[in-house]
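Participant: Below, each chain spelled out in residue letters.
Protein chains: 2
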Amino acid sequence: MNAEPSTLQQQTDQLSGSVTRPIPGSRKIHVQGTRPDLRVAMREIVQTRTPTLFGGEDNPPVTVYDPSGPYTDPQATIDLAAGLAPLRARWIEERGDTRLLPALSSAFGRGREHDPRLDHVRFPARTLPRVANAGANVTQMHYARRGIVTPEMEYVAIRENQRLDLVRDALLRQQHPGEAFGAHIQQVITPEFVRDEIARGRAILPSNINHPESEPMIIGRNFLTKINANIGNSAVSSGIAEEVEKLVWAIRWGGDTVMDLSTGKHIHETREWILRNSPVPIGTVPIYQALEKVDGRAEELTWEIFRDTLIEQAEQGVDYFTIHAGVLLRYVPLTAGRMTGIVSRGGSIMAKWCLAHHRESFLYEHFEDICEIMKAYDVAFSLGDGLRPGCIADANDAAQFGELETLGELTRIAWKHDIQTMIEGPGHVPMQLIKENMDKQLRECGEAPFYTLGPLTTDIAPGYDHITSAIGAAMIGWYGCAMLCYVTPKEHLGLPNREDVRDGIMAYKIAAHAADLAKGHPGAQVRDNALSKARFEFRWQDQFHLGLDPEKAEAFHDETLPKDAHKAAHFCSMCGPHFCSMKITQDVRDYAAGQGVTAVDALAAGMAEKSAEFRAQGAEVYRPG
Amino acid sequence: MNAEPSTLQQQTDQLSGSVTRPIPGSRKIHVQGTRPDLRVAMREIVQTRTPTLFGGEDNPPVTVYDPSGPYTDPQATIDLAAGLAPLRARWIEERGDTRLLPALSSAFGRGREHDPRLDHVRFPARTLPRVANAGANVTQMHYARRGIVTPEMEYVAIRENQRLDLVRDALLRQQHPGEAFGAHIQQVITPEFVRDEIARGRAILPSNINHPESEPMIIGRNFLTKINANIGNSAVSSGIAEEVEKLVWAIRWGGDTVMDLSTGKHIHETREWILRNSPVPIGTVPIYQALEKVDGRAEELTWEIFRDTLIEQAEQGVDYFTIHAGVLLRYVPLTAGRMTGIVSRGGSIMAKWCLAHHRESFLYEHFEDICEIMKAYDVAFSLGDGLRPGCIADANDAAQFGELETLGELTRIAWKHDIQTMIEGPGHVPMQLIKENMDKQLRECGEAPFYTLGPLTTDIAPGYDHITSAIGAAMIGWYGCAMLCYVTPKEHLGLPNREDVRDGIMAYKIAAHAADLAKGHPGAQVRDNALSKARFEFRWQDQFHLGLDPEKAEAFHDETLPKDAHKAAHFCSMCGPHFCSMKITQDVRDYAAGQGVTAVDALAAGMAEKSAEFRAQGAEVYRPG
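One line per chain: the protein sequences are C and U, in this order. The opening position of the first sequence corresponds to residue 1 in UniProt numbering, with each subsequent residue numbered one higher. The opening position of the second sequence corresponds to residue 1 in UniProt numbering, with each subsequent residue numbered one higher.
Keep in mind that the hints were calculated from the coordinates and are not lab data. Keep in mind that the hints are not guaranteed to be accurate.
To be verified - For each label pair, taking beta carbons as the anchor points, the in silico distance ranges come out as:
no.: 1; chain 1: U; residue 1: R168; chain 2: C; residue 2: E299; range: 50 to 60 Å
no.: 2; chain 1: U; residue 1: G55; chain 2: C; residue 2: E499; range: 31 to 41 Å
no.: 3; chain 1: C; residue 1: A555; chain 2: U; residue 2: R126; range: 51 to 61 Å
Said to hold, decoys possible - Keeping only pairs whose Cα atoms sit at most 27 Å apart, straight-line, the calculated DSS-like set for lysine-lysine is:
no.: 4; chain 1: U; residue 1: K265; chain 2: U; residue 2: K293
no.: 5; chain 1: C; residue 1: K293; chain 2: C; residue 2: K265
no.: 6; chain 1: C; residue 1: K435; chain 2: C; residue 2: K28
no.: 7; chain 1: U; residue 1: K552; chain 2: C; residue 2: K552
no.: 8; chain 1: U; residue 1: K435; chain 2: C; residue 2: K435
no.: 9; chain 1: U; residue 1: K28; chain 2: U; residue 2: K435
Ideal Cβ placement from N, Cα and C applies to all residues, glycine included.
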């Protein structure tokens, strides 16, 4: 912690304007659900009219999925020291299956709470946590399997639909058929469908009862592809204030969940600040903190220390835990001949423990005990891939696939306890081996959601691994991966700063959206169509606003044509006023109109026939004979 | 031209240090061919020894493909006003089928040559061009079809092999099997294979007899995937000096060919400076200049003006021409119902011409006349996709595929004349529709090389289209595309500056290399393996040097750990000294060694068996029953 007490307070009270200002051209809206306190936050992008030259018509607003929370809502009052409003508190209470604890259950947590040396970094407004009543199971999966549609499930259904029912414009609705590789893509997401997918284990709704501030979201291959952003300080880097700001920055650009991978000295307090101010689910890797408790000596880790850490974090409200329980003793030697051995931090910690004790890890042996904790708070499993490949050479090897099979076994145990479970995946995989990963994961893990890091498709571009991995992420998302963990340009080189976080998120928003388009998610193409139409009609501001990063788009445009007048100009800097192909297209349209629609349609139909004929013949490059 | 005469001279005499300094950790080497004047330029990345902790062994240098020319060679003297040494001049002369012209054949060219107002921008050291002897055909395809292996073909064969024969290290040679989708990937590229591929039309070796400065390279799906960088000023932007510097910058980072898309007022002179200083093939779109000659009025274009422009540029040494001869009158109305109409500049010019005259374009009607010019200088066709989709919505439509069929017809005509031909492709295509493009192109165009712009896989990310398109580029490269035209972050927004050019090239080097890995090009994984090994062994400098952008990688690393001492540190900023998974892996190796290699191998073999069993069962996710 490099900040003085007063400085911290100051820093955390005031997020910088750059992370809180409204997104240009957008307004926050709320869609009402079946109960008054169920209001689903979305972002509406307002459009201007088409210029008269192109027909002069109104362009409807476009609704987009919005994980940025109240930070982008000018109506909201932000007070980091108070935390966000507990949106789900009443829903949780109403279920009547939890109770308020009289004190923290974790010995470590209690110690931190009463240590006066931590007063200056402690989150001030903490209330006591909840836990399931004795014998109760409070997971969304448990409710789902009993046929209960929770408000969280309804929230998610409304959210996933993105008000597609309001899109009446035929042009905007126009969409290419997708290839979903066996996914069950719905035209309309109903709360019942959400319930059913959670019940079957094909989707998870991370929602710790102690994180009532979170806006419900779902991870599963029959829903929109999600992305995760990692934040977290380390021994050599940042403090609390910086991490909270990173969180807000990450969700501003579209992070659907955030993992706090801090390993520094105020790991507990940092997490509290993050959770209380996060509208998105927060994941952690509890073994990192457990290791700090034994001063970095992996072999000294015990089930008791780990158990206390799980409870400590569950009572803070962490929504999913990465648990590397699939690192079995017999897989460890399989990594010895690898190019880069074990690269997962969690994996290497557990491998070291297994070797030191020559037995299966406490994570594996106590897996059912872990399940008991998870279901008392509704923490979801993110079963860690501790043996994921760390380079192209090690992709799809025996260690990786052996662990994946064990993760399948663990998924079945977790499901026996009605615990929501997703599976982490690689890593570094060349393109031709990516599908094998997805297919094997679906088979081994009974279609539990896959959550992959990239994968990076080549190792030769340090400094650009957001791109090497966005390629792999888009492909595996298309094949069925439910959530993509971002990679920033600093991967393998250093810790990301704010610009790196933005670059990483943008690359992954692109990958996730490209995947949704390719799978044929209903309405996925609405935003593409709206932006393309705006581009064609030289509605520059609309083009910026409809993009993933309106501020960067506008700044780039202004570098070449800085004058405001140019934003209405019917040409652009690339071709100059003489060469405008958009203008010429308008001539073509006039010509076609002059020819009569029938003639044009007849021509078009002829081409479509030819294309259909080719497909009917099997779409083969070389026809026999 | 915003520069004063004296300023131009100064600017073009002195390239900035940033584009000419040697690439860190690399040295320029030359591999000797069968004749003394055949020395193939490559780049050798030198490595340091493995630290003692990891076994203390020598690491062999890694040879990489290098299009940067003499600019990165500290031995070379660069004088932009003199131009590069004419590497191929003797080879061309020796063939005895060309003659020096007494004067430029193009009326426009002669006019420029004798206009005193252009003295200050004219390239000073120009010599007169060559042309084929009457009746001769001087294309590489013509030689290839007659069984002649030219020095250019031998150069290419040596270049493509990248000294793979010297890689003896088993670890470096280790490579995953590729999936080549019917490509004929060779273990060793022989000059005879190069000849055969050119003869069959499956590859082109762009090599205008008036561009003897170019280092031969090949474009075809059985060779390494290539990338193109576009440069060029426009009415609203840059001057000559800036364009030459952009060229050198673009090839420094790996551009294999460069297209000069200038539309400004000294288009002829700019092109001359670029060609005389370019070691890579230069492509142009002659219709842009022809249009300038008729003051931007497309309907006033004539075959005579276009013909004179082709000859003007062919005699300057342009290596390939984009010719939009596939824009037929009957396809034009098919674009009327599109979201974004016609977005290709060339396509829209020709569409407008066709409509204005209500007849097929002079490009189509005079296609055989164009062939006569192409073969007199060995200019290759890059058959333009004037009707490519400008957005996701318009992908794979009747206009696009109709034009592609016509390009197939034109390819067969070009081949009848032994003219090297490649085909341009889209554009904007969602992932699930990319393969259809590649398959149709191969079928319609008899496997002539495909050369695509991206494709962009979504339209919602202006400011990041190098990434939306790198995803599509990697995939279509894998499926068989021979050359990928880069897209910079400024696409759709403005003209790229130098950093944008670097970002665009890096994204495309990644895409091309990911494609080569996926196709299984022999040796493609050597660099990945070397970099991964360096990463594992904490050889930071080697990791930087083996990367595509050593300067950026080092700068990123230094942001977090700026001290020089850290470059030798056996931990990194991401995990800090306690959490080093690399270190723990070393423990695993020691352990495995203690267990005896046999035990480990037995385990590994067991896993491999299981994997083979799965594949044998059809690798299906759901087995029947």
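Participant: Now look at each hint and say whether the structure bears it out.
Facilitator: Each hint tested on the structure:
1. R168/U / E299/C: 50 to 60 Å: With a Cβ separation near 40 Å, R168/U and E299/C fall outside 50 to 60 Å, so the hint is violated.
2. G55/U / E499/C: 31 to 41 Å: holds (38 Å)
3. A555/C / R126/U: 51 to 61 Å: violated (41 Å)
4. K265/U / K293/U: Holds: K265/U and K293/U sit about 10 Å apart, inside 27 Å.
5. K293/C / K265/C: holds (10 Å)
6. K435/C / K28/C: violated (38 Å)
7. K552/U / K552/C: Holds, at roughly 21 Å.
8. K435/U / K435/C: Within the cut-off at roughly 16 Å; holds.
9. K28/U / K435/U: violated (38 Å)
Hint check: violations occur at hints 1, 3, 6, 9; the rest are consistent with the structure.
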